[in-house]
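*Asks:* Chain residues, written in single-letter form:
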Amino acid sequence: MNQLLMTVAKRLGLGLFTLLIISMVIFLAVEMLPGDIATEILGQMATPEAVAAIRQELGLDQPIVSRYFDWLSGLLTGDLGQSLATGQPVLELLDDRLINTLYLAGTAALISVPLALGLGVIAALYRNTLVDRAVSMFTLSAISMPEFFIAYVLILFISVQLGWIPSMSKVDADQSLLERLQLTILPAITLTFVTCAHMMRMTRAAIINLLSSPYIEMAYLKGLGPWRIIVHHTLPNAWAPIVNVIVMNLAYLITGVVVVEVVFVYPGLGQLMVDSVAKRDLPVVQAASMIFAATYILLNLIADVVSIVSNPRLLHPK
Amino acid sequence: GSTPSPSPKRGGHFRLGLSRGSTTDSLDPARFSDVFMQSVGFAIYNYLTEVTPEGELIGELAESWEPAPDAARWAFKLRKGITFHNGKPLEAADVVATFNHHRGEKSQSAAKGIVDPIESIETDGTHTVIFNLKAANADFPAITSDYHMAIMPATDGKVDPNAGIGTGGYILEKLEPGVEAVVTRNPDYWKSGRAWFDKVSFLAITDAAARTNALRTGQIDAMDRVDLKTVNLLKMDPNLSINNVDSDQIYYFAMDTQAKPFNDNNVRLALKHAIDRQDIVDRVLKGYGRLANDQPIGASYLNYADLPQRQYDPDKARHYLKKAGYNSLSVDLSTSDAVFTGAVDAAVIYREHAAKAGIDINVKREPADGYWENVWMKRPWSMSYSSPRGTADWFFSQFFAEDANWNDTNWQNERFNTLLKAARAELDAGKRQEMYAEMQALVHNQGGWVAPAFSAYVSAATKAVGHGKIATNRDMDGNRIAERWWFEG
Amino acid sequence: MMMTKTHSSEKVPLWRKVLSGLAEAPPTGLLGLVVLFTYLFVIVFAPWLAPFGEATIVADAFAPWSAEHLLGTDSLGRDIYSRLIYAARNTVGITLMATLLAFVIGGALGMVAAVVGGWVDQVLSRLVDMLMAIPLLIFALLLLMIFGSSVTALILILGCLEATRVFRLTRAVAMNVAVMDYVEAARLRGEKMLWIIRREILPNILSPLFAEFGLRFCFIFLLVSSLSFLGLGLQPPTADWGAMVRENAMLITFGRVTPLLPAAAIAILTIAVNLVVDWFTHKASGLSK
Amino acid sequence: MIDEKDETTNRPILEIRDLIISTEGRKATRQLVKSVSLSLAAGEVLGLIGESGAGKSTIGLAAMGYARDGMRISSGEVLFKGTDLLKLSERKRRQFRGKRIAYVAQSAAAAFNPAHKLIDQYTEAAVAHGVSDAATAENEAIELYRELGLPEPETFGQRYPHQVSGGQLQRAMVAASMACHPDILVFDEPTTALDVTTQIEVLTAIRRTIRNHHTAAIYITHDLAVVAQIADRIMVLRSGELVEEGKTEQLLEQPKQEYTRKLLSVRNLHKDDTGSGEVVLSVDSVSAEYKPGVPVLQDISVQVERGRTVALVGESGSGKSTLARVVTGLLPPVKGGIKLHNAPLTPTLKSREKDTLRRLQMIYQLPDTSLNPRQRVREIIGRPLQFYLGLKGQEMEQRLKELMAMTELEEYFLDRFPHELSGGQKQRVGIARALAAEPDLIICDEVTSALDQLVGEQILNLLLKLQKEIGMSYLFITHDLGTVDAIADEVVVMRKGKVVEQGRKTDVFSPPHKDYTQKLLNSVPEMDPQWLNKLLAEA
Ligand SMILES: Nc1ncnc2c1ncn2[C@@H]1O[C@H](COP(=O)(O)OP(=O)(O)OP(=O)(O)O)[C@@H](O)[C@H]1O
Ligand SMILES: Nc1ncnc2c1ncn2[C@@H]1O[C@H](COP(=O)(O)OP(=O)(O)OP(=O)(O)O)[C@@H](O)[C@H]1O
Ligand SMILES: [Mg+2]
Ligand SMILES: [Mg+2]
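Residue numbers (this note's numbering), protein chains in the order written: chain A, 77 to 394; chain B, 13 to 501; chain C, 20 to 308; chain D, 454 to 992.
It is possible that part of the hints are untrue.
As the list claims (entries may be wrong) - Listed next, the stretches of chain C that the computed footprint assigns to chain A, with coverage defined by at least 3 CB atoms under 8 angstroms from CB atoms of chain A:
id	segment
1	142-153
2	160-172
3	177-191
4	235-246
5	254-265
6	277-290
To be verified - In silico DSSO-like pairs for lysine-lysine, Cα to Cα no more than 27 angstroms straight-line:
id	chain 1	residue 1	chain 2	residue 2
7	D	Lys700	D	Lys987
8	B	Lys186	B	Lys203
9	D	Lys803	D	Lys854
10	D	Lys845	C	Lys211
11	D	Lys949	D	Lys972
12	A	Lys86	D	Lys744
13	D	Lys788	D	Lys972
14	B	Lys475	A	Lys246
15	A	Lys246	B	Lys211
16	D	Lys534	D	Lys545
17	C	Lys211	D	Lys958
18	B	Lys481	B	Lys21
19	D	Lys987	D	Lys958
20	D	Lys918	D	Lys987
21	C	Lys211	D	Lys803
22	D	Lys487	D	Lys540
23	B	Lys21	B	Lys390
24	D	Lys803	D	Lys792
25	B	Lys89	B	Lys146
26	A	Lys246	B	Lys186
27	D	Lys949	D	Lys744
28	C	Lys211	D	Lys807
29	B	Lys272	B	Lys390
30	D	Lys545	D	Lys792
31	D	Lys788	D	Lys949
32	D	Lys854	C	Lys36
Bear in mind the hints are in silico, worked out from the structure with no lab data behind them. For glycine and all other residues, C-beta sits at the position ideal for the given N, C-alpha and C.
Just need the whole structure built from these sequences, with the hints factored in.
*Replies:* Here is the structure:
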C-alpha cells in the first residue's frame with residue numbers, strides 16, 4: 077500500500093513537471109501561430125495603429141519570456157489572469173463551462189462505459205457467433221460515422237420527428253439536475269456511439285486473450301457457468317488494458333467534444349477553447365489547455381493505479 | 013419576404029438564433045465583429061443616424077445635421093429628453109466621449125479607420141456636437157450609422173464600453189459570450205412603434221443544422237444564415253417563412269495587380285470573362301443573390317452606375333489571354349470556407365468554367381485559422397467578401413484608394429485616385445454621380461476584382477413573427493431585428 | 020543476409036501458404052477479404068468504373084436517383100456515384116499511409132522504450148504524455164505551420180498525431196515480450212538493439228498491433244476529413260468520403276439519405292478491415308472454439 | 454465430511470469405454486487418444502503415466518467430459534456411475550464437474566486465478582453447486598488447510614495465490630478440489646514443477662487426503678517413482694494408446710512391455726571424472742542484490758574446470774539463477790569478481806567483448822520461452838554462427854547440418870518453427886544454439902526439469918557426449934539431485950543465497966552430510982512403492 081502511495085506521489089510529481097512543460101509549449105505554440113489577439117479581434121477592420129495600441133495595452137509587446145513568467149507566477153498564486161478578448165477573469169469564464177463539460181462527460185461515461193463493458197463481455201461470451209458479429213458491426217458502424225453525423229441522425233429522429241427531447245442542449249446553472257439530464261442526454265448518447273466501439277472491442281479482445289489461461293480452464297473444470305467465468309474470473313484480470321482504453325476515451329470526452337458541443341449548442345469547454353485559439357486569447361487558451369492536460373495526466377495516473385489495484389501481485393506484494 | 017403585417021403586437025419572448033457568436037465576444041462596440049454582437053448592440057444602443065429599410069439615412073439620436081459651412085465641418089443636433097438605461101440624460105458630451113473612444117493614438121477600436129478623417133470634435137451647448145474633418149466629406153453623416161458608433165453615457169469625459177448601457181429599446185439583462193445574450197424591453201423607450209418584444213434572447217448557434225433544427229422544433233423564433241444547400245427543403249415547412257433579402261454583400265476573387273501574371277490587365281480581363289456568374293449564383297447561392305459586375309457598388313447605393321453586365325465568354329477570355337501572350341494559363345487561387353460559406357465551392361465551379369477558356373485554376377484551400385492574416389492580401393490571388401458600406405466613397409476609400417488599408421488588389425490608378433478626392437469635396441449631386449460612375453467603370457474594366465455575385469441575406473422565421481420591409485444594408489434587418497420585429501396577434 | 024541466402028531452400032512457396040491460410044480462414048474473415056479486394060478493384064479501376072469525372076458538374080444540384088445518375092447528384096450537381104468511386108482512391112491511400120506512418124513511428128519508438136527501458140523509456144513516455152495532452156487543435160495548427168498544408172503534410176501530421184496512441188500500445192505489449200528468455204538470450208549474445216527489435220520483438224507483437232490497426236485506420240479516416248477545415252491535405256474538388264458526408268450532412272436533417280452513402284462506404288470498409296483483423300487476432304489468441 | 458459413497462467396490466465408479474479424441478479444425482484431424490478404455494473403482498487410485506504428449510492430460514480431462522480447445526471427443530463413453538457424461542447437455546455436465554469429479558492441475562500457480570483470494574476460490578465451487586453455503590465451506594476449508602499442514606490455517610485463505618509458496622499453493626489446490634466432496638479427483642502432474650523437498654510435502658498431502666476421504670483418483674504423471682508411491686494400479690500410455698496396465702507392484706517388478714521397461718530404467722547415466730585442472734570460470738566471493746540492502750547472493754565462490762561439470766543445487770529461490778545472471782553479466786555483482794580463463798570479466802554485459810560473450814553460453818529451463826516462436830530453427834541456430842563466426846552460404850549450411858547431427862536433430866527441422874517441435878526437440882535446439890557459438894562454458898539453468906524423464910535423459914546424454922568429445926564445461930543449475938548424481942563432477946549446495954556445502958560430488962553425496970544436503974538427498978523419490986511410507990515413518 078505504501079508502495080502504491082509512493083508510485084502515485086512520484087507520478088503526480090512527474091505530472092506536474094509535464095504540465096509545466098506543456099504550459100511552455102502551448103505558450104510558444106500560440107506565439108508561433110500567425111496573428112495575435114489584436115489582429116484577430118479587429119479582424120478585417122484591423123489598422124496597424126489600433127493593433128499596436130491593443131498590443132501595448134495588453135502587454136503583448138513585452139518579450140515572451142517575461143510574459144510567460146508573469147503568467148506562471150500568476151498561476152502559482154491562483155490567478156489565471158483575464159481574458160484578453162473580454163477582460164473577464166479567466167476563472168469566471170471557465171467555471172460554468174468546466175462544470176458543463178464534466179457533467180456531459182460524466183453522463184456520457186455513465187452510459188457508454190457500462191454499455192461498452194457489457195457488450196464486450198457479451199461479445200466475448202458469444203465470440204464468433206452471430207451475437208458477437210452483430211455487436212461488432214453495430215459499434216464499428218457507429219465509429220465509422222463522423223460524430224456530427226450521428227448527432228444529426230439522433231436529432232432527426234428524437235427531436236424533430238418524435239419531439240421527445242429538444243435539439244438544443246442549452247444547459248445553465250439555474251436548471252435542476254433532472255432538467256439538465258434531459259438536455260444532456262442526446263449529446264451523451266452521441267458520445268456513447270463515438271466511444272463505445274473502442275472500449276467494447278478492447279474489452280472483448282482482452283477477455284478473449286485470457287480465455288486460454290489455465291485458470292480459466294480450471295474454472296470450467298469447477299463446473300462454473302460461462303457468465304461467471306467471464307465476469308468473475310476473466311474480467312478482473314483483464315482490467316489493465318481495458319482501463320487504459322476507458323481512460324483514453326474519458327480524456328476524449330472531456331477534451332475533445334467540441335463538435336458535439338457545436339451541434340447541440342452545449343456550452344462546454346471545447347467551444348471556449350476553439351474560440352480562444354481562433355482569437356489567440358492566450359490566458360484562456362492556456363488555462364483551458366492546462367485543464368485538458370491535467371485531465372489527461374490525472375486519468376492516465378488513475379489508469380495506472382487501477383492497473384495496480386486490480387492486480388493483487390502489485391497491490392499486495394509478498 | 014412575407015407581406016408586412018398591419019398590426020404589430022406588443023409582448024412575447026423572442027428567441028433569435030444567430031450564427032456568429034463567440035466566447036470572445038465583448039460588449040465594447042469598438043470590438044463588435046459579427047452579426048451576433050451587432051444585433052445585440054442595435055437592441056441596447058442607439059446611434060446618431062439610422063439607415064431605414066428603404067436605404068435612406070435619417071436621424072436617430074440626432075434630430076438633424078448640416079455641413080457648416082462646408083463639408084469639412086458637420087454639426088449634429090441631438091434629440092432632447094432621452095435618457096440612458098441608468099437614468100443619465102443624453103447630452104453632447106456623451107457623443108464626444110463615445111467618438112473619442114474610437115479615435116486617437118491609443119485607440120483600440122476596429123472603427124479607428126472610419127473615424128480617422130475626424131480632426132476634432134467639440135460641443136456647442138448640451139445638445140449640439142460639431143465634427144471638424146481633416147478634409148471635406150459630403151458623405152460623413154453616413155459613417156455615424158456604423159454599428160461601432162453606439163452612443164454610450166460618459167462620466168468625466170470617458171465611456172465605460174463594457175457596461176452595456178445605452179439608450180436603446182432594450183436593457184441588457186445578461187451576456188454570456190458564445191452562449192446567449194438576454195435583453196428586456198426598455199419601458200421608457202423614446203421611440204414609439206419600436207421594440208415590441210418584452211424580452212429577446214440572442215442565442216449563439218454556430219452550426220447551421222443546429223439552427224435549422226432549433227427553428228423547426230420551435231426552440232427559436234428566427235434564425236440567420238439559412239443553409240443554402242437545403243433551403244429548398246426548409247421551404248416546404250409550412251410553419252416557416254424564408255426571408256430572401258437582396259443585399260450588396262459582395263463575393264469576389266482579388267488579384268494582386270502588381271504581381272505576375274495579374275499585372276497585365278489583359279490577363280485580368282481574361283479571368284473576368286472566364287467565369288459564369290449566373291452559374292455561381294445558381295449553384296453556390298442557390299439563386300439567393302444577384303450577378304455582380306466586377307466592382308463593389310450595388311444597386312442600393314446612391315451613386316450606383318448601371319454598367320453593362322459582363323458575360324461569361326470563353327472565347328473572349330482566350331482572346332485576352334492571347335493578347336497577353338499566353339496560349340494557356342495556370343494560376344493558383346487561394347480560398348477557404350472562412351471567407352464565406354460555399355467559397356471553396358465557388359472556386360471549384362470557377363475552375364470548371366475557366367477550364368473551357370484554357371485557363372487552369374488550381375484551387376488551394378488554405379487554413380481557415382489565420383486566413384485573413386496569412387492569405388488574404390498576401391497571396392497573388394485569393395478570395396474575399398465584403399459587406400456593403402454606406403456610401404461609394406466609403407467603399408472606394410477602404411478598398412481601392414492608393415493608400416487604402418484593404419487595397420487587396422494593390423491597385424494604383426491615378427485617374428481613380430484623383431476622382432475619389434475630388435468627388436468627396438463635390439457637393440453637386442449630378443457631378444458627383446458622374447464621377448462615381450467613372451470610378452465604377454475604372455474598377456470594372458481595370459481593377460483586380462473578379463466579382464461574381466452579390467449574395468442575399470437569407471434568414472428564416474416562424475410564421476408567428478411579423479415585420480415590415482426588411483432593410484438591406486446589413487443582415488437581420490440592418491441588425492435591428494429586435495427593435496423592428498414583433499409577434500403577430 | 021543469412022535468411023536471404025537460405026530462403027530458397029524453404030519447402031513451401033508463399034502462394035501455397037497463402038492458399039492454405041485462406042482455406043483455414045473463417046467465413047467472416049473471407050468476407051472481409053472479399054470486401055477489401057472489391058475496394059481495391061474500385062480504387063485501381065476508378066476511372067473506368069466511374070461514369071463521370073470526379074469534379075465535372077453534370078446536372079442540377081441534388082438531382083434524384085436515376086438511370087443516368089445512379090445515386091443522384093450533390094449540392095453542386097456532380098455525380099455522387101462517380102465521386103464515391105474516386106473518393107475511395109483518394110482517401111484510402113492517404114489513410115493507409117498515415118496509419119502505416121503512425122505505426123512505424125509509434126511502433127518503433129514504443130519498442131525502443133520497452134526494450135531499452137530506464138530513462139529512455141521515461142523520456143519517451145513522458146514526451147508522448149505531453150504530446151497527447153496538448154489540445155489537438157493547437158497541435159494540428161502547429162504542425163500545419165511547420166509542415167504546410169500539402170497532402171504530404173497531412174499524412175505527416177496524422178501520422179505524428181496517431182503515433183502517440185500507437186506508441187502507448189506498442190510499448191505495453193512489447194514490454195511483455197521484452198522480458199522473455201529469448202530476448203535475454205539475444206542480449207547475452209551481444210545483439211544490437213535494432214536487431215532485437217526487428218527480429219525478436221516485432222514478430223511477436225504483430226497481432227495486437229493488427230487489432231489496433233483496424234480501429235486506428237477508421238479513426239484516421241475520419242480525422243482526414245475533420246482536419247480539412249484547417250485547410251489541410253486533400254484539395255478541392257478532390258472527393259473524399261469524410262468530406263462528402265460533411266458537405267451533404269445537412270440533408271440528413273431533412274431525412275434524405277445521400278450523406279449516408281459515403282458514411283456507409285466508410286463503415287463497410289471499417290467492418291471489413293476489422294473482420295480480417297479479427298481473423299488474425301483470433302489466430303494468435305490460441306483459441307479455436 | 455464423507456458423504457454417501459458407492460460401497461460396492463467391484464462396480465466401477467467411473468468407466469471410460471473406447472474413447473477416441475481427435476484434433477478439431479479444417480485440416481485433416483489427428484487422433485490424440487486412440488480408443489482407450491479404463492475403469493476406476495471407488496476409493497481406488499489409478500496412475501496414468503507416459504511420455505510427454507502421450508495423451509494423459511487429455512484422458513484425465515475427458516473423464517470430466519471436457520475436451521481442451523482444439524480437440525474433440527469423437528466417440529466413446531464416459532460413464533460416471535452409469536451416466537454417460539458425453540450424452541448430457543453442457544449445462545447438465547457442469548453439475549458433475551467440480552462437484553462429483555474434481556481436477557487438480559499441474560501448475561497451481563497458473564491454475565489459481567491471480568485476482569482472487571485462495572479461500573474464495575475454495576468456496577466458489579461449493580457455493581455454485583449448492584453443496585454448502587460460503588460460511589460452512591470456509592470452515593471446512595480451514596479444517597482441510599490444517600489437515601494438509603498449511604501454515605496459519607485460519608488466515609491462510611485470506612492470501613492471494615502469489616503470496617504463498619509453490620508447494621503450499623499446490624496443497625491449496627488439492628484442498629480446493631475437495632470443496633464439494635467429490636467422488637473422483639483427477640490429479641494432473643501435481644508435483645512436476647516442484648523441487649524435491651516440496652514435492653514430498655505435496656505428495657504426502659495428496660495421499661493423506663485421498664485416504665482420509667476415501668476418494669477415488671486418477672493420478673497423472675510422467676514420473677514412475679512418484680506414481681509408485683500413490684497408485685493402486687498403473688496404466689502406461691504412449692501416443693494415445695494403452696501400452697500396459699497392472700497393479701503397481703506387479704508393473705514395477707515385471708513390466709511386460711519394452712516401453713515400460715525403458716521408462717523404468719531411467720537414471721542409469723554415469724560419468725567418469727574428467728578433470729583437467731585448467732580453470733575455465735572462476736567466481737570469486739561474489740555478492741549480488743536486486744534491491745539495495747537485500748542480498749540475494751552472499752560470498753559465493755565457484756570454479757569450473759575445463760571438461761567438468763559443476764552442479765548448483767538448492768531449493769527454489771536459493772539464488773541459483775541469480776548466480777547465472779551475475780556470471781553472464783545481466784546483473785553486476787556488488788562485490789567480488791568473475792574470471793574467464795583467468796582474465797577478469799567486466800561486470801556488465803554491455804562492456805563485454807563479442808568474443809567473451811561467445812565463450813559463455815546459456816541454455817534455459819523452458820524451451821518454450823527461450824526460443825522465439827516466430828523464428829525458424831534455421832535462424833535460431835544460424836544466428837550465432839553468423840553473428841560470432843561470420844559464416845554464410847555453403848559454410849553456414851554445412852555447419853548447421855553438423856550442429857543438427859551433433860544434437861541428434863533431423864535436418865529437416867531446420868525449416869520448422871519451435872511450436873512444431875516436441876519439448877525435447879526444442880531443448881535440443883537450445884543446446885545447438887549454445888554450441889553454435891563454440892563456447893568454452895555453457896550455463897544450463899534447469900534444462901531438464903520441464904521435460905519428461907525419457908527426453909530429459911536424452912538431453913543429459915547429449916550433454917555428456919559433448920563433454921567427452923569436445924571437452925565442454927558446464928555450470929549446471931538444478932534442483933533435481935538425481936540429475937546431479939548422473940552428470941556432475943562437483944556439487945555446490947546453495948541455500949538462501951549462501952553456499953551450504955561444496956566439493957566433489959562423491960564427497961558431498963557420501964555421509965556425513967550437512968543437514969540441508971541430507972534433506973535434499975532424502976527427498977529424491979525412489980521407485981520403491983514403500984519409499985514414501987518409510988520416509989514419513991522416519992520423520
Ligand atoms: N489444444 C490442442 N489442440 C490440438 N492438439 C493438442 C492440444 N493440446 C495438446 N495437443 C496434443 O495432444 C496430444 C496429447 O496431449 P496431452 O496434453 O494430453 O499430453 P500429456 O500426456 O498430458 O503430456 P504432458 O506430459 O506434456 O502434459 C499431444 O500430442 C499434443 O501435441
Ligand atoms: N528480477 C528480480 N528482482 C528482484 N528479486 C528477484 C529477481 N529475480 C529473483 N529475485 C529473488 O532473488 C531470489 C533468488 O532467486 P533465483 O531466481 O536466483 O532463485 P533460484 O534458486 O534460481 O530458484 P528456482 O529454483 O525457483 O529457479 C529469490 O528470492 C527471488 O525472489
Ligand atoms: Mg499433461
Ligand atoms: Mg531459477
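*Asks:* Each of the hints needs a verdict: does it hold here or not?
*Replies:* Hints versus structure:
1. Taking a C-beta to C-beta cut-off of 8 angstroms, the segment 142-153 of chain C contributes 6 residues in contact with chain A, enough for the three needed, and the coverage statement holds.
2. Under the rule that three or more residues need a Cβ within less than 8 angstroms of chain A, the assignment of the segment 160-172 of chain C holds, with 3 such residues.
3. Here's how the segment 177-191 of chain C fares: 3 of its residues keep a CB closer than 8 angstroms to some CB of chain A, so the rule of at least three is met and the hint holds.
4. Beta-carbon proximity to chain A at under 8 angstroms applies to 6 residues in the segment 235-246 of chain C; the threshold of 3 is reached and the given coverage holds.
5. For the segment 254-265 of chain C, the stated coverage by chain A holds: 3 residues have a C-beta nearer than 8 angstroms to a C-beta of that chain, and at least 3 were required.
6. For the segment 277-290 of chain C, the assignment as covered by chain A holds, since 7 residues bring a beta-carbon within under 8 angstroms of that chain's beta-carbons and 3 suffice.
7. For the hint pairing D/Lys700 with D/Lys987, the CA-to-CA distance comes to about 20 angstroms; that is within 27 angstroms, so the pair holds.
8. Our distance criterion of 27 angstroms between C-alpha atoms is met by B/Lys186 and B/Lys203, whose separation comes to about 23 angstroms.
9. Taken as a hint, the D/Lys803 and D/Lys854 pair is broken in the structure, with Cα atoms around 32 angstroms apart against an allowance of 27 angstroms.
10. Between D/Lys845 and C/Lys211, the direct Cα distance comes to roughly 19 angstroms. Compliance with the 27 angstroms bound is thereby established for this hinted pair.
11. Proximity of D/Lys949 to D/Lys972 is assessed by CA-CA distance (about 15 angstroms); at most 27 angstroms being required, the pair is judged to hold.
12. Proximity of A/Lys86 to D/Lys744 is assessed by CA-CA distance (about 19 angstroms); at most 27 angstroms being required, the pair is judged to hold.
13. Between D/Lys788 and D/Lys972, the direct Cα distance comes to roughly 30 angstroms. Violation of the 27 angstroms bound is thereby established for this hinted pair.
14. Restraint check: the Cα-Cα separation between B/Lys475 and A/Lys246 comes to about 24 angstroms, which is no more than 27 angstroms; the hinted pair holds.
15. Between the alpha carbons of A/Lys246 and B/Lys211 the distance comes to roughly 18 angstroms, so the proposed pair stays at or under 27 angstroms and holds.
16. A C-alpha spacing of about 15 angstroms is found between D/Lys534 and D/Lys545, which places the hinted pair at or below 27 angstroms, so the restraint holds.
17. About 40 angstroms separates the Cα atoms of C/Lys211 and D/Lys958, which puts this hinted pair outside 27 angstroms; it is violated.
18. With a C-alpha separation of about 16 angstroms, the suggested pair B/Lys481 and B/Lys21 falls inside the 27 angstroms cut-off, and the hint holds.
19. For the hint pairing D/Lys987 with D/Lys958, the CA-to-CA distance comes to about 26 angstroms; that is within 27 angstroms, so the pair holds.
20. At most 27 angstroms may separate the alpha-carbon atoms for a hinted pair to count; D/Lys918 and D/Lys987 exceed this at roughly 37 angstroms.
21. Restraint check: the Cα-Cα separation between C/Lys211 and D/Lys803 comes to about 10 angstroms, which is no more than 27 angstroms; the hinted pair holds.
22. A distance of roughly 20 angstroms separates the Cα atoms of D/Lys487 and D/Lys540; the hinted pair therefore holds under the 27 angstroms criterion.
23. Between B/Lys21 and B/Lys390 the alpha-carbon distance is near 51 angstroms, which puts this suggested pair outside the 27 angstroms criterion.
24. Proposed proximity of D/Lys803 and D/Lys792 is supported: the alpha carbons are some 16 angstroms apart, at most 27 angstroms.
25. Using a Cα cut-off of 27 angstroms, the hinted pair B/Lys89 and B/Lys146 holds, with the two alpha carbons roughly 21 angstroms apart.
26. With a CA separation close to 15 angstroms, the supplied pair A/Lys246 and B/Lys186 stays within the 27 angstroms bound.
27. Taking the CA atoms of D/Lys949 and D/Lys744, the gap is near 15 angstroms; set against the 27 angstroms cutoff, the hint holds.
28. A distance of roughly 11 angstroms separates the Cα atoms of C/Lys211 and D/Lys807; the hinted pair therefore holds under the 27 angstroms criterion.
29. This hinted pair checks out: B/Lys272 and B/Lys390 have alpha carbons roughly 14 angstroms apart, not beyond 27 angstroms.
30. This hinted pair does not check out: D/Lys545 and D/Lys792 have alpha carbons roughly 65 angstroms apart, beyond 27 angstroms.
31. Our distance criterion of 27 angstroms between C-alpha atoms is met by D/Lys788 and D/Lys949, whose separation comes to about 17 angstroms.
32. A hinted pair counts as satisfied when its Cα atoms are at most 27 angstroms apart, and D/Lys854 with C/Lys36 qualifies at roughly 26 angstroms.
The structure fails hints 9, 13, 17, 20, 23, 30 (numbered hints given earlier, in ascending order).
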